[in-house]
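*Asks:* Residue numbers (this note's numbering), protein chains in the order written: chain A, 1 to 261; chain D, 262 to 522.
Be a bit skeptical, because a hint or two may be false.
Only pairs whose alpha carbons sit at most 20 Å apart, straight line, appear in this in silico EDC-like list of lysine to aspartate or glutamate [unchecked claim]: (1) A/Lys-45 - D/Asp-299; (2) D/Lys-324 - A/Asp-80; (3) A/Lys-43 - A/Glu-86; (4) A/Lys-35 - A/Asp-70; (5) A/Lys-157 - D/Asp-459; (6) A/Lys-45 - D/Asp-337; (7) D/Lys-392 - A/Glu-158; (8) A/Lys-157 - A/Glu-208; (9) D/Lys-296 - D/Glu-340; (10) D/Lys-348 - D/Asp-337; (11) D/Lys-324 - A/Asp-38; (12) D/Lys-306 - A/Asp-80; (13) D/Lys-289 - D/Asp-462; (14) D/Lys-418 - A/Glu-234; (15) D/Lys-324 - A/Asp-201; (16) A/Lys-63 - D/Asp-459; (17) D/Lys-418 - A/Asp-130; (18) D/Lys-304 - D/Asp-341; (19) A/Lys-63 - D/Asp-462; (20) D/Lys-418 - D/Glu-467; (21) D/Lys-304 - A/Asp-38.
In case anyone wonders, no lab produced these hints; they're calculated from the structure.
Protein chains: 2
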Amino acid sequence: MKIFIVLAHPEPRSFNGSLFQVSVNELKAQGHQVKTSDLYSMKWKAKVDRSDFPNLVSDARLKVPYASRDSYTAGDLTEDVKTEQEKLLWADVVLFHFPLWWYTMPAILKGWVERVFSMGFAYGYGEHSDKHYGDRYGEGVFAGKRAMLIVTAGGQKEHFSTRGVAGHIDDLLFPINHGVLYYPGFQVLPSHVVYQTDRLDQAGFEKEAEMLRDRLRHLDTIEPIAYRPQNGGEYEIPNLTLKPGLEGKNVKGFSIHIRDS
Amino acid sequence: MKIFIVLAHPEPRSFNGSLFQVSVNELKAQGHQVKTSDLYSMKWKAKVDRSDFPNLVSDARLKVPYASRDSYTAGDLTEDVKTEQEKLLWADVVLFHFPLWWYTMPAILKGWVERVFSMGFAYGYGEHSDKHYGDRYGEGVFAGKRAMLIVTAGGQKEHFSTRGVAGHIDDLLFPINHGVLYYPGFQVLPSHVVYQTDRLDQAGFEKEAEMLRDRLRHLDTIEPIAYRPQNGGEYEIPNLTLKPGLEGKNVKGFSIHIRDS
Chain A
1 MKIFIVLAHP EPRSFNGSLF QVSVNELKAQ GHQVKTSDLY SMKWKAKVDR
51 SDFPNLVSDA RLKVPYASRD SYTAGDLTED VKTEQEKLLW ADVVLFHFPL
101 WWYTMPAILK GWVERVFSMG FAYGYGEHSD KHYGDRYGEG VFAGKRAMLI
151 VTAGGQKEHF STRGVAGHID DLLFPINHGV LYYPGFQVLP SHVVYQTDRL
201 DQAGFEKEAE MLRDRLRHLD TIEPIAYRPQ NGGEYEIPNL TLKPGLEGKN
251 VKGFSIHIRD S
Chain D
262 MKIFIVLAHP EPRSFNGSLF QVSVNELKAQ GHQVKTSDLY SMKWKAKVDR
312 SDFPNLVSDA RLKVPYASRD SYTAGDLTED VKTEQEKLLW ADVVLFHFPL
362 WWYTMPAILK GWVERVFSMG FAYGYGEHSD KHYGDRYGEG VFAGKRAMLI
412 VTAGGQKEHF STRGVAGHID DLLFPINHGV LYYPGFQVLP SHVVYQTDRL
462 DQAGFEKEAE MLRDRLRHLD TIEPIAYRPQ NGGEYEIPNL TLKPGLEGKN
512 VKGFSIHIRD S
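Chain A on its own, in the form it takes in the complex:
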């Protein structure tokens, strides 16, 4: 397969950076084609701003979504953004390696999403009717591709459990898995999370590396998270609220948007 790996960590020698190398080496050893974007080493520009849209009239009010659509349509996006979009289109599977900082992805990766997921490319198209509300949440440019987060966290696993004070890790990652990846059509695999990485020694790292390699051997067969497609009949249109009765028993929060197995 063709696999694109995005890394968002400033230190190659970190636990996270080392796991990234494990992924690259393992996937190449399995015979896959691998492309990478190491955002820190690329000096990735994190903020979206006027300079991303060189053809925007200098005194025009900047509306980021529409400026990105106009630049995308005209082929005038900056080269760094175009290159990332090409890697995404090339890939069968996209992996994101990052540390959980303040309960979500690092700013540099958030800015990658803001700049690379242009309107017209990643969202903002598709029929709007009484049965269809744009190609999104299960449909879109990345339909047929798979994506997975590989996350390191300093905290204990229990702190991110169903009753853990931080909130469940799947809920914390929902805005990324559902809102950033499922939204433009990716099939999203359950996230691979490693906890208390600051406490792990070399033997602990080796064990985690082997668990990751095992996960990577099954990228094509792991069952994706069963998010409900927006246009599959489970949501009212245009309110996009889940139809009555589908949420199952005693369920509240983000998990209503996942089908019971």
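Fit chain D to the given chain A structure using the hints.
*Replies:* Coordinates of chain D only, in the frame set by chain A:
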């Protein structure tokens, strides 16, 4: 009161930027002292990296939390970061104005958190015993201060409702309200969210501006979100899982960490 307002939008003439001006003007008119950080106009550096810690030995492995603690303790943080920390310490209330981009805050604001909330300043201290697990989630440097998010969203309100496809807005903002603000001790006020801002005309803006002014007149009396303090006896220590029975009936997801009213 002393009020610190952080803005994360690249266009002063945007709906969001205009609401920021409403806040500044209204709070000054009420007689409050106001300080601001307009992150885009300040050209805020969004990524945390080695250059934030000038005294880090050049070939030392960068561990962001510990490097930030060492620099904070030595008084060697960069001037931009020190200035933001001083504003936070000065303020009685901190407001964050930002657009909801990809279901969370913009990268530039995320990077502000990563750089300004240094270890030793915003977290990473306090007794660890069988009754106390650090000064966090309701305790910490910002105890006694209030914070509130003022958010603009392109989507419809229903899409962010309890059954809405995007997930409930309070759940989407939980990692910020609970994980970034309550964590270092802020009392967090319910977020002020304006929907479909792209569709609002001048009359719509004026109506929203007045609703915001009304909210700002009650900053000192609005009831904070009733998050459960970590060390108040409701969580097991050190697992930090909510004790049995406290979650109420039929409740799942982030909302278990809020007390029933």
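*Asks:* Which constraints among the numbered hints does this structure fail? Numbers only, ascending.
*Replies:* 2, 4, 5, 6, 13 and 21
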